[in-house]
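J.: Construct the complete structure from the given sequences, taking the supplied hints into account.
Chains as they are written, first to last, in our numbering: chain G, 10 to 664; chain A, 10 to 664.
Everything labelled a hint here was simulated from the structure, so no lab data went into it. Certain hints may be false.
You can't tell identical chains apart in this list, so a pair holds if it fits in one copy or across any two.
Said to hold, decoys possible - Within a straight-line C-alpha distance of at most 25 Å, the following computed DSS-like cross-link-like pairs (lysine-lysine) qualify:
(1) Lys73 - Lys640
(2) Lys471 - Lys444
(3) Lys357 - Lys42
(4) Lys64 - Lys657
(5) Lys48 - Lys97
(6) Lys663 - Lys96
(7) Lys267 - Lys640
(8) Lys97 - Lys663
(9) Lys657 - Lys73
(10) Lys89 - Lys48
(11) Lys96 - Lys657
(12) Lys657 - Lys155
(13) Lys89 - Lys657
(14) Lys155 - Lys663
(15) Lys663 - Lys91
In this text the structure is predicted, and so the values were computed from the model without any measurement.
Spelled out, the chains give:
There are 2 protein chains.
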Amino acid sequence: MPSTSVVNKDLLAERSKCTFDREEFTVWWVGGKDRLEEKRNREHFCMNQPEFGDKIPLHYLSHKELYEETIRKATAIFAKSKEMVQKKHGYNAGNFVKFLDVLTGDGFMHQANPLAVHFSMFVPGIMGHGNAEQQERWLDRALNCKILGTYVQTELGHGTFLRGLETTATFDEETDEIVINSPRLSAYKWWPGGLGLTANHCIVMAQLYSKGRCHGVNPFMVQIRDEETHMPLAGIEVGEIGNKLGYNGVNNGFLGFKNFRIPEKPISSVLNYGTMVFTRVLIVLDTSQMLARAATIAIRYSCVRRQSVIDPNQPEVQVIDHQTQQGKLLPQLAKAIALKLSADNLWKMYEATQVDLETGNTDRLPELHAVSCCLKAVSTGDAAAGVEVCRLACGGHGYLSSTNFLNLYGSATAAVTYEGENTVLYLQTARYLVKVWNQALKGQQLMPTVRYLEQYATKPVKRFAWSDSTPVIIEAFQAVTANRLRLANEHIQQRVKAGRTPQEATNETGLELVHLAEIHCRGFILQSAYAAIEQACQTASQPLGEVLREICRLVVYDEALRITGDLLRFTTMSDPDLVELQRKYEASLGAIRPNAVSIVDAFDYPDFILGSTLGAYDGNVYERLFEDAMKSPLNQEPVNRTFELYLKPLMRGKL
Amino acid sequence: MPSTSVVNKDLLAERSKCTFDREEFTVWWVGGKDRLEEKRNREHFCMNQPEFGDKIPLHYLSHKELYEETIRKATAIFAKSKEMVQKKHGYNAGNFVKFLDVLTGDGFMHQANPLAVHFSMFVPGIMGHGNAEQQERWLDRALNCKILGTYVQTELGHGTFLRGLETTATFDEETDEIVINSPRLSAYKWWPGGLGLTANHCIVMAQLYSKGRCHGVNPFMVQIRDEETHMPLAGIEVGEIGNKLGYNGVNNGFLGFKNFRIPEKPISSVLNYGTMVFTRVLIVLDTSQMLARAATIAIRYSCVRRQSVIDPNQPEVQVIDHQTQQGKLLPQLAKAIALKLSADNLWKMYEATQVDLETGNTDRLPELHAVSCCLKAVSTGDAAAGVEVCRLACGGHGYLSSTNFLNLYGSATAAVTYEGENTVLYLQTARYLVKVWNQALKGQQLMPTVRYLEQYATKPVKRFAWSDSTPVIIEAFQAVTANRLRLANEHIQQRVKAGRTPQEATNETGLELVHLAEIHCRGFILQSAYAAIEQACQTASQPLGEVLREICRLVVYDEALRITGDLLRFTTMSDPDLVELQRKYEASLGAIRPNAVSIVDAFDYPDFILGSTLGAYDGNVYERLFEDAMKSPLNQEPVNRTFELYLKPLMRGKL
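T.: And the structure:
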């Protein structure tokens, strides 16, 4: 920590302007007093473990050093945390996995870690899907880290398209064994976290062949390294896939098989709708947190940083007083909140569906799947873009690794691709929308999140009556989606009539389909945020209610101003309406401005989670930037050896 | 290089579909046969110098190792290149600096290098602005690298706002010396390239004080390190500012002064409009090249990669056959070309202005400045965003450092902030537009790039007559700018009438102003591209002309579809017009698709400039990905030492 503990006076002034009870906001944001207490206890515990810190900031390390430091830290965290959980609650799987939440995300280990996949995918893979015998064999060992595992699916040549996987698992009738092979380079497994040098077991997805016939992709439990020596077993080629934009602590790996024999039958099918939706809820929550952290950093810095005058007779202003800066940052703050509230809503849908499933009712599964697809896509895309808006709003200093923006971006943008590439996900949602649109055209009743389509399918096309109240703007998003869906559906049918196959016609309408799925999702997000905030306002104090409603208005105006083409096209919005909307948007920025620091304070991120020289609570940004620079190995000696080796010979003309 | 030199068969098929003469395209793109020959000779020379390669890919090195490797490579390049230039042309400043072009950019050294600023800013700083005595003292030594310099302006507390600099240079009458001080931490110089551990001299910008009065910011030549030992001189605190998102070879530094005395008077004023415009032309050219390289990588990979079926009875398609993929990549290709052609246009304006200046005519300076501001902003913003679109279009593999996307993004996004932060630049252009708008309202004649405003200022508001021919769409951008300018100007005046100062009113209209400056610039870019392509078509072969016109249409449609809100608002565009525009856009994607690989081939980037596992000419992407991974230091031993240190103790419960 910097030697100074004095809080920057501009931040003090900002905090003194707060109109609401910050603790009340935090309790709401975190989801209750108990959760908040639990969170703070966990953070307090972590903050006070000296082994949990980085000796040198990770951004100064080599690729290899970073892996080694990550393993040191991750194993220390797991061991210490287990000990703590044992003392406090008695050790069991549930307690431990819950506690590990904070450790498997990137909030604490800013380039993540290779044991995360062990707990997030390997252990659940065994718990959910191995049979009783298999569970007995592996579950206890996995939970106690006696074996270290990962989940191995993607290959060099195939990611999204599961059916295309090339790894083969051939049943050998003579020995009753399975023989696994990577028939060519593109069949090599590529990407699984922790696979490179860490895991000794994995669940491998491969095409099952038996009696010359392919039975499709199945999961197999495979030991890949010796438990005593950690050497790769014969027939196994394993290593790590190299440096990446982010997540360099994860130790993503490759894996090739050459006639590798396992005694096992496949374990039962691994993925189902439920797991996928559950994972996507977590992704939306995670990325909303990344965006909230980026907004925290940039908003605090924008109140400390003074640059340029507005009134030539006055001193330079806090950069947040430039309207353009407010227009960059405050919508990110509001968006982070809206995304989190949508994840909460998706979670409720997921729970309701689980209850339905227990009674054998699968009606809502396709709807749940469709929402989870587009919500994952919008949240990861918006969070990644928003982190960059926040970084760029910090000017040159935002480019420094010590701000932690690069790690936040690395994590957010990775989520754009993993667990379903965003464009592919939009197309899945669009496919669902086209399907239900055609049901609605036939007069069938639709599921709740798409029920709004019914009125547009059954009535003649009429412009939606615009007004700029929040609920009406949200309905306008639905009107836009419905109209775009009607057009895209017509274009698909026109193409089919012109002789294209339905698949070709759909592909040739792909851009329109992606676009409408996105707008459908934005309507869902705004509706989720609006409903959650209105509900919160029933019990919240009046000052907090006012702040939350202002945040809701800001995100709604911001989103509406991004689709003015659609609004002018499909609603009765006029030119003066548009001027008025812009005016209201600007007023909303101005209304949130005085509370901006207090809102991000209320997100309640400790400095070690933010991990940023520009975002710390005390606002001593220049001291922290300088302090990080002084940790650079290049600053430990006044003259680098390259002076004698290269620079001096160059200067003397002797190179 | 990978052992295989067989070109991927899908790329061969793509190339066989080419409808135009690739070499003719390349000659046009590079700017003539002579330039192309020069470029290829230079590349051939560089390719054949073993010292110019990296021993280990830079992304595996630590921050310190990367600096040391960069110095090794940069000094080798400078020494070898000088020798070569000497042999071939006879050594002189002009020849050498021209040759160094390729070396100071990031095309060859993917994280750039600390000697770049020596040639791009330090040497020109002396050439352009030192007096005769000063030139004699430093110029020859600087040109021959007998001293190593940099240009030192920004501070921890101030970047964009030059007047706010806090470093003081106080004239001491008694000793006839200047005493330089950093009165507080925020006054420390921060960011200059090469300043950290490389330079021993620099041009320092500081507030000149004499007889108790401040005479504003002036440049001073300062020696900071001993030429023999490289030790920092007494009174100098110097070091590097730490790790960054990109450009880690540049060795950006900090510099603090404590009563540091120099014998010099300030050198004459350093920056003028000309230098700034010149620098911005280079930035637009550079960033257009970054985008073109990213498009090359992504388009080649998208033709090699096969993923998902369209027809269920057919094999998986090349991913570029998904319309959504075309919609991501082909506009980037077209945009890169349009940005390059706008830079050419700005360059012509710059040259014409230089001729004017010689006759004392400064009339076009403000216009030139206004165009250079917004063009720098749009090109850097679009290039950075476009690189990320290309990266994400490569799915998970795009996230690997070996693709070189991270370096391209690091370079492009840095340019968003340096040499004038983009929002600040947009506001400068907007200020010019508001000024000339008010001139036009008074019936005054405007300069060529804004002359179109006259008709909108003098005639009553009428909707612009939409049609989707290229020149009309370009005029529509002008109509949108004029209408938005009219509104913003009215809003400023309304705010002034309501009691705000003109500065406050302008700040409160900031979002509108930024927006209209951007659209003005997009009109300029489209107009520049259209004019340049029409001119090229006068001499080009018919097949090339067709391709170039298709590229122009694509970028025009793409830009138009991004401002449909404005087009519906300010032109007569109807709903069927919009449907038709979308249809034409899709047709344009389809028309360019078969030539996509050939167009990026015609950009003529050798593999070592692209530096990408996914973008190489032969398309052996999986071999190259694997090969780069195998260079990882973590893959040099089957078991990392952390197994015995941490993993095994964890597994045995002994941690």
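J.: Run every hint past the structure and note whether it holds.
T.: Hint check results:
no., hint, result
1, Lys73 - Lys640, "both (19 Å within a copy, 12 Å between copies)"
2, Lys471 - Lys444, "within (22 Å within a copy, 43 Å between copies)"
3, Lys357 - Lys42, "within (20 Å within a copy, 66 Å between copies)"
4, Lys64 - Lys657, "between (33 Å within a copy, 22 Å between copies)"
5, Lys48 - Lys97, "within (15 Å within a copy, 69 Å between copies)"
6, Lys663 - Lys96, "between (67 Å within a copy, 17 Å between copies)"
7, Lys267 - Lys640, "between (46 Å within a copy, 22 Å between copies)"
8, Lys97 - Lys663, "between (68 Å within a copy, 20 Å between copies)"
9, Lys657 - Lys73, "between (31 Å within a copy, 19 Å between copies)"
10, Lys89 - Lys48, "within (17 Å within a copy, 60 Å between copies)"
11, Lys96 - Lys657, "between (61 Å within a copy, 23 Å between copies)"
12, Lys657 - Lys155, "between (55 Å within a copy, 9 Å between copies)"
13, Lys89 - Lys657, "between (51 Å within a copy, 16 Å between copies)"
14, Lys155 - Lys663, "between (59 Å within a copy, 11 Å between copies)"
15, Lys663 - Lys91, "between (61 Å within a copy, 12 Å between copies)"
Figure legend: structure checked against the earlier numbered hints; every hint is met.
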